[in-house]
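Novice: What follows is the residue order along each chain.
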Amino acid sequence: MADVRLVDIEKKYGNFLAVPQLNLTIEDGEFLVLLGPSGCGKTTTMRMIAGLEEITSGDIEIAGKRINDKPPKDRDIAMVFQNYGLYPHMTVRQNIDYPLKLRGVDRAARTRRVQETAEKVELEALLERRPSELSGGQRQRVALARAIVRTPSIFLMDEPLSNLDAKLRVTMRAELKHLHHELGVTTVYVTHDQMEAMTLASRIAIMREGRIVQLDTPKRIYSEPADLFVAGFIGSPSMNLIDGAIAGGVFTAPGVSFPVDQPDRDDVVLGIRPEDLEISTAPDAPVIGKLYALELTGESTLVTLRTGANSVCARGPADHEAEINAPCHFVPKPGARVHLFDRPSGHRLDGLSAKGQTL
Amino acid sequence: MLPYWLLIPAFVIVLATTIYPLAYSFVTSFREWDLTKQRRPDGFVGFDNYLHAASESGFQNSLWVTTIFVVTSVALTLVIAMSLALLLRRKGRMHTFTRIVLILPFAMSPALIGVSYRFMFNPEFGVLAKGLGAVFPALEGMPWLADPNLAMAILVLTDVWHWAPYMTFMCLGGLASIPRETEEAARIDGASYLRIFFGIILPQMKGVLLVTAVLKTIFALKMFDQVVTLTGGGPGTSTETLAFFVFNVGFKWYDMGYASALAWILTAIMMLISIWYVRMLLSDRKMATA
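Heads up: the protein sequence lines correspond to chains S and Y, in order. The first sequence begins at 587 in the working numbering and counts up by one. The second sequence begins at 333 in the working numbering and counts up by one.
Okay, chain S solo, but in the shape it has when bound (with noise of 0.2 Å):
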């Protein structure tokens, strides 16, 4: 196990700087997810810690020791790739078995440490089958069996449930965690899913073109984001963000206004959660509109309003009927977060910044 420190790690393809002076430090035993749109930088980033990909200046840091001209088999690291890179001519257990033969581990311990970790994977039953006969759940299984047989000190995962249907990834995201769990070893997870995120990740960092906009807890992201590219970013259905301006300790934009405790100033940008508002007939509710969509998710209806320029949108009750085009009020729920944000630079206005957070 051990703990990974990237330093100023910069990457530059010809004139593009993909990658900008990168700070990360990934404590021993984390489950750190790299989050972002693509293009972003979070692969460019995971294959420099694994060595695919040479770093243009920075350090690289695994367990203390500085690791930027290693090679990716010398870092004691261990990948899985978003499209598994399992070995097509090879069996299962050859799969499994190839970082332990290319280690020169003794063939009587290959065989028990393949067939432990592929019981720890479901995996004993498929052993001498060829990857091509394989479902996308089974292959992903044995690339995981293949990243652990050799106990590494840090997984590597790049995107490793983009390929699965959208049921098996929420199983295999509950596998992951346990197995995490069970071996405790520093993991770096890139994703651009926001619930994979929110789900696995002990810390996330979510990136913007190179740079590490947030890097906090997922409670805290949630709660507290740092900017608007962060608030729009989290949560599902995502964060209203409405357009105004406070004036004696309200914020006012058409249809909207909320009491807030900030001084006066133009350009803001107020946010708020749907499942922090409630549907409401009271004539002076924060936020008046007329009806715009109703849509039934199953455990709830997400209540769509149009007032002004803005859509506005609740999380409501299953069972909430309306006509479109009807009026309709929304009011924020006991203890709900109202979050305000500086709209030229799109920074948090409570005093929290993008940079320096910790946990």
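These are computed hints drawn from the structure, not numbers from a lab. Ideal Cβ positions, reconstructed from N, Cα and C, are used throughout, including at glycine. Take every hint as true, because none was put in to throw you off.
Derived DEER-like restraints, expressed as beta-carbon distance ranges:
1. Y:L613 to S:P657: 35 to 45 Å
2. Y:I345 to S:R715: 46 to 56 Å
3. Y:L613 to S:E714: 21 to 31 Å
To give an idea of the interface, some chain S residues facing chain Y are shown, with a C-beta separation under 7 Å as derived from the structure:
4. P658
5. H675
6. P685
For chain S, the structure is supplied; the task is to place chain Y on it using the hints.
Specialist: Relative to chain S, chain Y alone:
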């Protein structure tokens, strides 16, 4: 009815230029036909033409020459094509340029290649003969095309030079279809470059290499143009390939019956190789899907 009418011209052309001559040569291979004496094939002689081949030294020599030529030329072409493909796989600055240059040898007519190599290996004024002589003095004045072994080596060289680029493209295609993750996974798993090549890349290239080998084998079995323009089958009969020998029997000595039989022997060899190849490919697929 119209579709069938429209098909007729193509059908007639194929019948007249391919099927009829094939059938005719097959029948001729069982007959005696000396073109200097008769305008039409003579009586049937059963398997005499084929049996004659089994004991005739000219044919046996050409079979031996062809075997040596095919084995060396196929092996060299494959090794060189695979190596070039590995080098060219990475997309560098010269990517497009190298690919254009690479296609040039393949665009040249084989007969012309033979002529130009004959010039280049002329001991008096050949640029390659002189150049090699300048670098290695021991080779100065070497009678390249007058030595049986060297002539064969140069014949192989021209063929490899002609075909390696095309086969390189086939290998490049094969390499491009290998998922990059398998190599990266092997690097992380701890494999050296050599091990990645032999243990991960080569097994995944099996299908492509098999196709390449069979195509190259069939092309090499037909080797004719360069023999005519480079060595004329010589010195002696040392570069008389099967195709060249069949041509001589038919159009120099006008023994059409025997020539037809020889041509069918060549065809049979190619068919056997093709069947073997399809079997290999099918068994490979079975292994992958069963």
